[in-house]
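Enquirer: Protein chains in written order, with numbering that gives the first Met the number 0: chain H, 0 to 280; chain Y, 0 to 95.
Treat the hints as calculated values from the structure; they're not laboratory data.
Cβ coordinates follow ideal geometry from the N, Cα and C atoms, glycine included.
Just to be clear, a hint being listed does not mean it is correct.
[Stated by the list, open to error] Quick list of the computed label-pair ranges, beta carbon to beta carbon:
no. : chain 1 : residue 1 : chain 2 : residue 2 : range
1   : H       : 41        : Y       : 63        : 53 to 63 Å
2   : H       : 256       : Y       : 43        : 21 to 31 Å
3   : Y       : 20        : H       : 75        : 53 to 63 Å
4   : Y       : 71        : H       : 213       : 19 to 29 Å
5   : Y       : 29        : H       : 64        : 37 to 47 Å
6   : Y       : 78        : H       : 177       : 31 to 41 Å
7   : H       : 177       : Y       : 26        : 54 to 64 Å
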Amino acid sequence: MRGQARGREDLLAKVVVITSGKGGVGKTTSAAAFAAGLALRGHKTVVIDFDVGLRNLDLVMGCERRVVFDFINVINGDANLNQALIKDKRNDNLFIFPTSQTRDKDALRREGVERVLEELKQQFDYIICDSPAGIEHGAITALYFADSAIIVTNPEVSSVRDSDRIIGILASRSRRAERNEPPVELHLLLTRYDPGRVVRGEMLTVDDVKEILSIPLLGVIPESESVLRASNTGTPVAFDEDSPAGRAYLDAVARFLGEQREMRFVQPERRGFLRVLFGRA
Amino acid sequence: MRLFDLFFPPRPTSAAIAKERLKIVLAHERAGSQAPDFLPRLQKELIEVVGRYVEIRDDMIRVSLGKTGETSLLEINIEIEGAKAKAASAASAVPA
C-alpha cells in the first residue's frame, strides 16, 4: 500500500461497530439513529446488520419491503454490493445493508466480511456495523474490523457488566489488537436513561457508569416515548428532531465528529403543575 | 439535613448498591480475565511431559495463577513423592 496513491478509503472510511454484549439495550435503535445522524451531517454512510438470522435493522429503518439481496448473498458472491445496498428514501447519503433472515451466524466468514468492507470503504465515509448481542461468532465478527466502537449501555447492572466484557474483547480480539495497531477508539453511549429515577437513587448515574467503565462518554439518550414511536413507523429516531432522544442522538453524532456539546437530558425535566396532576411523562 | 441524617442514617439507595456490586464483580472479572483460558491446557500438557519421565496421576499437578498487587504469580506444584521413575528411553536422557 505504501508508496501508492492513497485512495479515498485510506483517508476517510471509518468502520464503527455498535455493540453491547447484552441484548435489548438499544443497539439497533442506536445504529439506525447514528447512521441517520451522520447522513444528516452530509457523510455518506452505510449501516450493516450483522445479526444474521435475526434481521431487524430493515424494520427499524423502514425498508423491510425493499430487501432483495442481503449481506450473506454478497459474501457468497451470489449478488453484488450495489444490488444489495438499499438507498434510504429520506436521505441520499444513507444506505442500509440488510442481513439474511434464513442463514445462521456461521455464514459470516471473516475473509468474506473483510472483502465486503474493503469494497464499501471505496464508496462510503462511515460504515456502521450493528452487532448482534452476545460474545459469539457474529458479535466478534462485527467488532473485528472496527476502527471505532460505540458501547451501548443501560444504567443497569447486567448491561454495565456485559459492556465491560465487550470492552475487554475489543482490546484483545479485534484486528487492531491482533496487529498491534492503535487500539479501537471506544465511546460510551448511555441509553434509556431516566433522570427522574436517577435523582431518586433508583438508577445508576451517568458518572457512576463512566467511572466504572472508564471510557469516554459520547452521549446520554433519555428514556423516551419517541424511540418506540420511531421504530413503530420505521424511522430512525434521529430524524425526529423534536424528540429528546432524537436530539440526544444528534448531539452524540456531533461529538463523534469532534464537536463540543453540552450533555443534555441528564437532569429531570421540570413538569408543569397540571401535568403532574393529570398525567405522567 | 445533616443532623437528621445523623440520627436516621439514610439507607443506601438501590443505585448505590448497584454501583458497589458492579465494582466488586468487575474488579474480580478484570483480574481474572487475563489468564484462565490456558490453565487447563497447560496442566494437561505438563502431565504429558512429566508423565514421560515419571508415573504421574492427574491430581499430582496443580496449576494456579495468583496476583499480589502488580505481580502475577504462576504457581505449578508437581508432587512426585511415591511416583516411580520410568525406565523408558526418555528417562535416560535425564540423569537422576
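Enquirer: Next, verify each hint and record whether it holds.
Expert: Structure-based check of all given hints:
Here the CB-CB span from residue 41(H) to residue 63(Y) is close to 57 Å, well matched to the stated 53 to 63 Å. About 51 Å separates the C-beta atoms of residue 256(H) and residue 43(Y), a value inconsistent with the hinted range of 21 to 31 Å. At roughly 46 Å, the beta-carbon separation of residue 20(Y) and residue 75(H) lies outside the given 53 to 63 Å, and the hint is violated. A beta carbon spacing of about 21 Å between residue 71(Y) and residue 213(H) agrees with the range 19 to 29 Å that was offered as a hint.
Against the hinted window of 37 to 47 Å, the Cβ-Cβ separation of residue 29(Y) and residue 64(H) comes to about 46 Å, which satisfies the hint. Checked against the hint of 31 to 41 Å, the pair residue 78(Y) and residue 177(H) passes, with Cβ atoms roughly 38 Å apart. Between residue 177(H) and residue 26(Y), the C-beta spacing of about 27 Å breaks the proposed range 54 to 64 Å.
Violated hints for the displayed structure, listed by number in ascending order: 2, 3, 7.
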